[in-house]
Amino acid sequence: MTKSTIIKYVKAPLLKKETRSNLEEKVRQQTDELKVRSGQLRQGADREKLAEEQIHIRTKAMEAALDGIFIIEAVNQRFPIIYANPAFQKLTGFAKNEVIGQDYFLLYGADADLRVVDEIKHTIDQGQSFHGEMLNFKKNGKKFWSSLRITPIRDTKGSVTHYVGIQTDISLMKQRDLEIEEQREELLHVTRVGKLAEFVSSLAHEISQPLTAILAYTQAAQRLLKDKEPQLQEILQYIINDDLRAAEVIKRLRVLLKKTKPVFESIDTNALINETVTLIMPHINARNKIIKFELDSKIPLIEGDRIQLQQVLLNLISNSLEAMESSPESRELLIRTSLKNTNTIRVEVKDSGCGIPEENMKKLFSHFFTSKPDGLGMGLSISRSIVEAHGGRLEAENNPDRGATLYFTLPVARKENW
Amino acid sequence: MHNQFNLVHLSLHCRGRKNNEMSDGRMKIFVVDDDESVCRALKTLLMTFDFEVITYNSAISFFEAVPNDEPGCLVLDIHMPELDGWAAQKKIFESGSKRPVIFISAEKQETVGDRALKVGAVGFLQKPVNGQTLVDLIHLAAQTTHTNKMIQG
Chain A
1 MTKSTIIKYV KAPLLKKETR SNLEEKVRQQ TDELKVRSGQ LRQGADREKL AEEQIHIRTK
61 AMEAALDGIF IIEAVNQRFP IIYANPAFQK LTGFAKNEVI GQDYFLLYGA DADLRVVDEI
121 KHTIDQGQSF HGEMLNFKKN GKKFWSSLRI TPIRDTKGSV THYVGIQTDI SLMKQRDLEI
181 EEQREELLHV TRVGKLAEFV SSLAHEISQP LTAILAYTQA AQRLLKDKEP QLQEILQYII
241 NDDLRAAEVI KRLRVLLKKT KPVFESIDTN ALINETVTLI MPHINARNKI IKFELDSKIP
301 LIEGDRIQLQ QVLLNLISNS LEAMESSPES RELLIRTSLK NTNTIRVEVK DSGCGIPEEN
361 MKKLFSHFFT SKPDGLGMGL SISRSIVEAH GGRLEAENNP DRGATLYFTL PVARKENW
Chain B
419 MHNQFNLVHL SLHCRGRKNN EMSDGRMKIF VVDDDESVCR ALKTLLMTFD FEVITYNSAI
479 SFFEAVPNDE PGCLVLDIHM PELDGWAAQK KIFESGSKRP VIFISAEKQE TVGDRALKVG
539 AVGFLQKPVN GQTLVDLIHL AAQTTHTNKM IQG
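Order-wise, the sequence lines are chains A and B.
Just so you know, the first sequence maps onto residues 1 to 418 in this note's numbering.
Just so you know, the second sequence maps onto residues 419 to 571 in this note's numbering.
Chain A extracted, bound-state conformation (with noise of 0.2 Å):
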């Protein structure tokens, strides 16, 4: 038997050659089939995972933007948005609750231009991209520069469902271009002020070279007249009066723009207050004001150039009186003056007026920066320099309440310890 089956098995092989071979081949095939197809399996399962990695991806690069980035539904015509980054949420100071699900357009804030507002509108409606700037505001009212690319996201069928936004703050590039813009002003400006002074110097000397003459002539013939002719002695009066007057306006154009050397003297700081204010009392009065003080009487006397420091009383008054200009309500105008500690004084010129912008704060010091559209952008700069030409210092704030305070500081005089 044993033998049988040997033969047997020996022989069946080479019984069933063919069926063999048969076998053999649709193995080989199944196990290619197999082979290909678990290789397809194989890679399905790799490209549905690289496509769940290319998905990670891409939604952490959108997170990791520095750019804010949103998406915003296109068939709702309140805009709200699906989607916003990290950088968006930064952006604007919203969190991302308060975003998701929010009108886009209202992110800008309050006071943003509602006419940039309705030309991105009606480009994004008629299924172009956007390309802007304009200022937004963040959710706690601050300013900023935004650089806006709006596109619309279309499905097969060509149709726009969504928009996608980038959105940049571009402050700082905006700023660096309107310190360009305003120093190429202020050159233009400081040539134009030096030619005005020159001009205004040359113009001076001449004119008054008639006026001492007119001056003189007509003085010689008052007297020549003597009592007679009381007609014509009144008609040189005037012409003495005028040429006078004449003179006087070109006194004070070379005040307005020659640089005096300061003479130093011991000045009581209160009275030079009253001084100056009896000055531009008219002023005051004219646009129906009011000036208060709240004088320290106790504050020792100053060192300084009486006419110069005048000047700055002067300004910080008649700034004060054009910040209320606009607003009959606010009429109280306060000079007080202090001893800020031993060595030094402090005189405040209070206003109630619209108080000073902040983007204007920094600049309010510097020559020919004016809010004032006749202004000449050199008084307070002017003031600055005379009062740290006196070893004070001249700052700006605004109050709590409403308008601002201009105040000064100057060093008590080093006799008065003598």
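Think of the hints as simulated: they come from the structure by calculation, not from any bench.
Note that the Cβ used here is the ideal one computed from N, Cα and C, for glycine as well.
Restricting the straight-line Cα-Cα distance to at most 25 Å, the calculated cross-link-like pairs of lysine to aspartate or glutamate (DMTMM-like) are:
| no. | chain 1 | residue 1 | chain 2 | residue 2 |
| --- | --- | --- | --- | --- |
| 1 | A | Lys228 | B | Asp468 |
| 2 | A | Lys251 | B | Asp554 |
| 3 | A | Lys121 | A | Glu73 |
| 4 | A | Lys251 | B | Asp532 |
| 5 | A | Lys251 | B | Glu525 |
| 6 | A | Lys143 | A | Asp103 |
| 7 | B | Lys536 | A | Asp305 |
| 8 | B | Lys536 | A | Glu303 |
Here are some chain B residues the structure puts well away from chain A; computed CB gaps all over 10 Å:
| no. | residue |
| --- | --- |
| 9 | Lys446 |
| 10 | Phe480 |
| 11 | Phe511 |
| 12 | Gly514 |
| 13 | Lys516 |
For this one, chain A is given, so just place chain B on it according to the hints.
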């Protein structure tokens, strides 16, 4: 009074008669200003106060024409080409002349008046100059010259 507009001729003419004029008892005034109209007008005015007035359009022509020891008050403009008022005053002072000088200038700076006194002038007046003020200063100058007390520094 008709000749007041011919001052240039007059001044040339006057130079040769200085002794006579001194005997007239009229005080002599030299006006030096580069502006001819100012010279002429000041001369006209000062003549109504009965001064003898001679004008020059530059400090150089004044020095050429008038010896340092010739008596007379100088009304001197500060801003002039070539030799300006300060330089002219320095020249007078250094020569030892006692000539009283009154500065006039269109420019007014606190320091100009001080400087004028420091360099030995009788005073400083800003243009346009009031006639009476100038005359008062001239009279003061006459006294100052007598006592020879000038303010210096």
